[in-house]
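Turn these sequences into a full structure, and let the hints guide you.
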Amino acid sequence: MSSWLDYTINGLIVGNVYALVAVGLALIFGVSRLINFAQGSIYLVGAYIGWVAVVQLHTPLPLTIIVVALAAALVGLIIERFGLRPLQNSARIAPLLATIGISFVLDQIVMLTFSPNPRALPSQLPDVRFQVGNGTIGPLDLLIAGVGLTSALLLFVFLRYSKLGWAVRATAQDRDAAMQMGVDVNRVNQAVFGIAAALGGVSGMLVGMYYNQIDTAMSLQATLKGVVAEVVGGAGNVPGAVVGSLLLGLVESYGVAVFGTSYRNLFAFLLLVLVLVLRPNGLFASARQAPPEPLTGTFIAPSRPVRIPRWALLIAVGGFAILPLFPVSFYVLQTLINAWLLGMLALSLTLVAGTIGQVSLGHAALLAIGAYTSALLSSSFSVPVGLAVIAGGLMSAALGTTLISPSFRLRGHYVSIATLAIGEIVSLVILNWESVTRGPIGISGIPPLSLFGYDLISASSVYWFSFAVMVVLALLQGRLLNSHLGRSFRAIRDDDIAARAYGLSLNRYKSLAFIFGGFAAGVSGAIAAHLYSYINHETFNTQQSILALTVVILGGLGNVVGAVVGSVALVGLPEVFRIAAEYRILIYGIVLLLLVRFRPQGLLGTI
Amino acid sequence: MTTTASPSDPLLALSGVNTFYGQAQVHFDLSISVARGHIVCLLGGNASGKSTTMKIILGLVKPRSGDVTFDGASLLGLSTPQIVRRGIASVPEARRLFADMSVRENILMGAFVRSDRAAVAQDLERMLALFPKLGQRLSQRAGSLSGGEQQMVAMARALMSRPRMIVMDEPTMGLSPLYVDRVLELIGTINQEGVSVFMVEQNASLALEIAHEAYVLQTGRIVLSGPARALKDDPRVRDAYLGGSEAA
Chain V
1 MSSWLDYTIN
11 GLIVGNVYAL
21 VAVGLALIFG
31 VSRLINFAQG
41 SIYLVGAYIG
51 WVAVVQLHTP
61 LPLTIIVVAL
71 AAALVGLIIE
81 RFGLRPLQNS
91 ARIAPLLATI
101 GISFVLDQIV
111 MLTFSPNPRA
121 LPSQLPDVRF
131 QVGNGTIGPL
141 DLLIAGVGLT
151 SALLLFVFLR
161 YSKLGWAVRA
171 TAQDRDAAMQ
181 MGVDVNRVNQ
191 AVFGIAAALG
201 GVSGMLVGMY
211 YNQIDTAMSL
221 QATLKGVVAE
231 VVGGAGNVPG
241 AVVGSLLLGL
251 VESYGVAVFG
261 TSYRNLFAFL
271 LLVLVLVLRP
281 NGLFASARQA
291 PPEPLTGTFI
301 APSRPVRIPR
311 WALLIAVGGF
321 AILPLFPVSF
331 YVLQTLINAW
341 LLGMLALSLT
351 LVAGTIGQVS
361 LGHAALLAIG
371 AYTSALLSSS
381 FSVPVGLAVI
391 AGGLMSAALG
401 TTLISPSFRL
411 RGHYVSIATL
421 AIGEIVSLVI
431 LNWESVTRGP
441 IGISGIPPLS
451 LFGYDLISAS
461 SVYWFSFAVM
471 VVLALLQGRL
481 LNSHLGRSFR
491 AIRDDDIAAR
501 AYGLSLNRYK
511 SLAFIFGGFA
521 AGVSGAIAAH
531 LYSYINHETF
541 NTQQSILALT
551 VVILGGLGNV
561 VGAVVGSVAL
571 VGLPEVFRIA
581 AEYRILIYGI
591 VLLLLVRFRP
601 QGLLGTI
Chain A
1 MTTTASPSDP
11 LLALSGVNTF
21 YGQAQVHFDL
31 SISVARGHIV
41 CLLGGNASGK
51 STTMKIILGL
61 VKPRSGDVTF
71 DGASLLGLST
81 PQIVRRGIAS
91 VPEARRLFAD
101 MSVRENILMG
111 AFVRSDRAAV
121 AQDLERMLAL
131 FPKLGQRLSQ
141 RAGSLSGGEQ
151 QMVAMARALM
161 SRPRMIVMDE
171 PTMGLSPLYV
181 DRVLELIGTI
191 NQEGVSVFMV
201 EQNASLALEI
211 AHEAYVLQTG
221 RIVLSGPARA
231 LKDDPRVRDA
241 YLGGSEAA
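Just so you know, the protein sequences line up as chains V and A, in that order. Residue numbers for the first sequence follow full-length UniProt numbering, so the first one is 1 and each next one is one higher. Residue numbers for the second sequence follow full-length UniProt numbering, so the first one is 1 and each next one is one higher.
No lab work stands behind these hints, which were simulated from the structure alone. C-beta atoms are modelled at their ideal positions from N, C-alpha and C, and glycine is treated no differently. Take these hints with a grain of salt, some might be off.
Claimed, not checked - Derived contacts from chain V toward chain A, CB cut-off under 7 Å, selection only: (1) M179; (2) Q180; (3) D184.
As the list claims (entries may be wrong) - FRET-style restraints, in silico, Cβ to Cβ: (4) A:K133 <-> V:F82: 42 to 52 Å; (5) A:R229 <-> V:K163: 24 to 34 Å; (6) A:R229 <-> V:A498: 43 to 53 Å; (7) V:H58 <-> A:Q140: 32 to 42 Å; (8) V:I78 <-> A:S205: 52 to 62 Å; (9) V:R175 <-> A:R114: 14 to 24 Å; (10) V:L594 <-> A:T189: 48 to 58 Å; (11) A:S205 <-> V:N89: 36 to 46 Å; (12) A:Q23 <-> V:I579: 35 to 45 Å; (13) V:K163 <-> A:A129: 20 to 30 Å; (14) A:R36 <-> V:N89: 34 to 44 Å; (15) A:R114 <-> V:I579: 55 to 65 Å; (16) A:G22 <-> V:L61: 50 to 60 Å.
Here it is in C-alpha cells:
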C-alpha cells in the first residue's frame, strides 16, 4: 500500500513530465497565439526515437536524451516551416486546424512504421528505490525531476539573458512592435517550435521509460494534458505552465489515490473546465493582460458559396432515394449508410462550428449520448426503437447544451479546448458510471432499428431510413439558415461584440445552435447504436470528432449541402480507391492539411 | 495643390502610392517626401489614412502600386526588420511598449539590430541623460509607468538603434499638457542631433510649431502641402483642423 507521500512524489514527477509538454505549448501560444495540437505527436515521436536509440542502437542514456531532443527539435522545425509558416496570413482557424492535421499525419506515420502494439522502453537505470520518510523514490524519478529542473533553468537563462530570448519575450508581448525593433518573427517562431519540440520529445521518452511502455495512444493524451496544464497556468505564461503542470500532476495523483486509476483523466478535465469557466485566463494571469483572441471574428475564412440549382439538388436526392431499387451491392449501400450517418453529424457540426463559429472538437460526445440513451431505453426499458432514437436526439440536445453552456462566454481556441475536454469527460463518465452505462463492458444486444413495429433489417430499409432522416434534418437546417435566426447566428460568429451591442443574447443563440446540432448528432449516434448492436465508451472517440470537422471543412463551413457532399466524399472515396483501413486516418489528416492550405473555404464555400 | 520646394535628394520618398484594404482604397496616388534633417508632419483627421502611411513606410502594409524609397533605394519587398536595419526607427501609436519587460529591457530592445555591445551601453547612458526621469524606473515593469513616462521610454527605445530617421504615430496622443510640451521639445532635440523625423499627428497646431514641412491628408488624398510656417497661416488648415483639434 502506497503512502500519501508516494502519491505526492508520483504527482510531482508526472507533473514534471506534463511541464515539459506544457512549457512548449505556452511558448508557442505566447509567440503565435496558437494552441499546438501537434505537441503530443512530437512527444510520441520522441518516445519512439528513444525506443530506437535504446533498444536498437543501444545508446547510453545521456546520448539518448540528446538524440531525442535533437530529432524532435528537427520535427518541430519542419512543422513550423512547412505546416504553419505558409498560413501566417490565413484566417485564425487555419493554423489550429493545420496542427490537428499534422498530428494525425505524424501519429499515423508512427503507427504504420512501428505497428500499434505497445512496446517496452527500458530506462537503463538500476531498479532500486530509496526510502524517503514513509515513501520511496527511484533513480528514474530523480532523472525526471533533474531533466525538468535543468530544462526550466536553461529556459529561464535563455529567455532572460540571450538576444533571441529577448526577441521571444518581446514578440509574445507585442508582435508588431517587436518587428519594428528589427526582430525577425519567423526566426522567433522557429526557435520556439524547436525548443518546444525538443522538450516535448524528451518528455515522451521519459514517460515511456517511467511506465516502461510506449504506444501510439500516448499522443492525444499528452496533447490534452499539456493543454490542461497550460490553460490552468494561463495560456502563454511559461512559469504558469510549470505550476499548472505540477498542480495537475498532484490533482490526478490524489484523485487516483482516493477514487482509483480510471478516474485519473476525469480529474484532469474537470480541473480544465473549472478553470476555463471561472478563470479563463488561467490561475496566474494578471488582470491587465490583453484578451488573447481578436475582438472581432476573423476565425472563419469568408468566401462566396457555390450556388447549386434547385433542380440539381432534387435530381441528386431523387437519384439517391431510388438507388436501392437498382441491383447495387450490399457493400455500396453499407458505405452510403455510413455516409448518411456521418452526414447528420456533419450537419450538426457545420451549424455549430460554421454558422455560429464555435469550433467544437468534442462532437463525438453528442453521438455517444444519443447512442447510450437510445440503446438503454430500448434494451432495458423496452421503449420502441423509433421513439428511443428520437429520445436519444433530445437527450443529446439537452445534455450536450447543458454541458457546454458554462463555456458560452469563451471564444476561438478556448471553445475548441473546452469542447475537447467536455467530449473526454463524457467518455470518462460513461466508462466510470458502471451502474448505468455498464462501464468498460459496454452495451451489447441492442435491438435493431424498427419503425411502427416493423424491424428494419434489410440494407435497403436501413438505407432509406437513414437517408430520409438526414434529408429532413438538412431541409430543416437549410430553412433555419435562411431565417432571421440563421442571420443572428452568423452575426454572432462574425463579431460577437457587435452582435451583443445589437441586443442579441449570446447565451440564447448559442444554446439554440447547440440544441439543434445536438439533436442531429444524437439521432445519428442513436441510429448507429442500433446498427452496430454493441457500443462502449470508445465507440465514439475524438477521431470521429476530427473526421466530422474535416468533412465540414471539406464541404465548406456552415454549408448544409457541403456537409453532405463532404461526408459522401470522405466515406466514399477511400472505398472507391480501396484504401486500406490503416491508411485512412493518414489520408484524412493530409486532406485536412491540403484544404487548410489551398482551399480553406472548402468545396462549396463557407456560408 | 501647392507644390513643396523640396531638396533634390529626399531621405524618404513615397511616390504615387495606392493602398487597399480588400476592396476599400485607403491611399490615392499618395506622394510624400522627407528631406534630410527635417521634421515632416502628416496631418489628418480620423480615417484619413495617416496610420496606414506609417505602416507602409515600416513595411507592415504593402501598397498595391507606387514606390517607397529610403536614401534612394526602394523599401518595397523588404520585411519590417530589414527596413529597421536600413535606419528607420519607430515610435508606434499608443507607444506599444513590451509591458511585462522592464524599462531597461524595453530601451535595450531598441538596440536589437546592433551588435556593438559597448556602444549600446554608452547609448543607454546617453538616453538616461536625455530622459533623466527614466533613471529611477529602469527595473520597473514598463506597463506600470504613466502614459507620459511610457512615451519617453518609446522615444528612447527608438533612438537606441541609432536611426537616420524616426517615424512617430501620434506622439502626443493622450498625454497631459505638460508632457505634450516635453515630447515636442524632445522631438526638436532629437532632430538637432541629425535624425530626420516623420510624424503623424491629429493635433495640427502643435505639430506645425516644430515641423519644417507638412502634408494634409483627407480620405486618402493629399489636399495641402508646403512649409509648416505657410500652412500654419493657411485659412484652409485653420478651418479644417486648428479649430476642431484644439478641443480634441
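Are A:K133 and V:F82 spaced within 42 to 52 Å by their CB atoms?
48 Å, holds
Range hint 14 to 24 Å (beta carbons of V:R175 and A:R114) holds or violated:
21 Å, holds
That 48 to 58 Å hint for V:L594 and A:T189 (C-beta), does it hold up?
57 Å, holds
CB-CB spacing for V:I579 and A:Q23 relative to the 35 to 45 Å hint
43 Å, holds
Given a hint of 43 to 53 Å, does the C-beta separation of A:R229 and V:A498 actually sit inside it?
45 Å, holds
Could you check if V:M179 really has its C-beta closer than 7 Å to a C-beta on chain A?
4 Å, holds
Go ahead and decide if the range 50 to 60 Å is satisfied by the Cβ distance of A:G22 to V:L61.
With a Cβ separation near 56 Å, A:G22 and V:L61 satisfy 50 to 60 Å, so the hint holds.
Hint check: is the beta carbon of V:D184 less than 7 Å from a beta carbon of chain A?
With Cβ-Cβ at 5 Å, under 7 Å, it holds.
Mind checking the hinted window 20 to 30 Å against the Cβ distance between V:K163 and A:A129?
25 Å, holds
Please check whether V:H58 and A:Q140 have a Cβ separation lying inside 32 to 42 Å.
54 Å, violated
Taking 52 to 62 Å as the stated bounds, is the beta-carbon spacing between V:I78 and A:S205 within them?
Check passed, 57 Å falls within 52 to 62 Å.
Would you say the C-beta atoms of A:R36 and V:N89 sit inside 34 to 44 Å of each other?
Hint holds: Cβ distance 35 Å, inside 34 to 44 Å.
Checked against the numbered hints given earlier, the structure breaks hints 5, 7 and satisfies all the rest.
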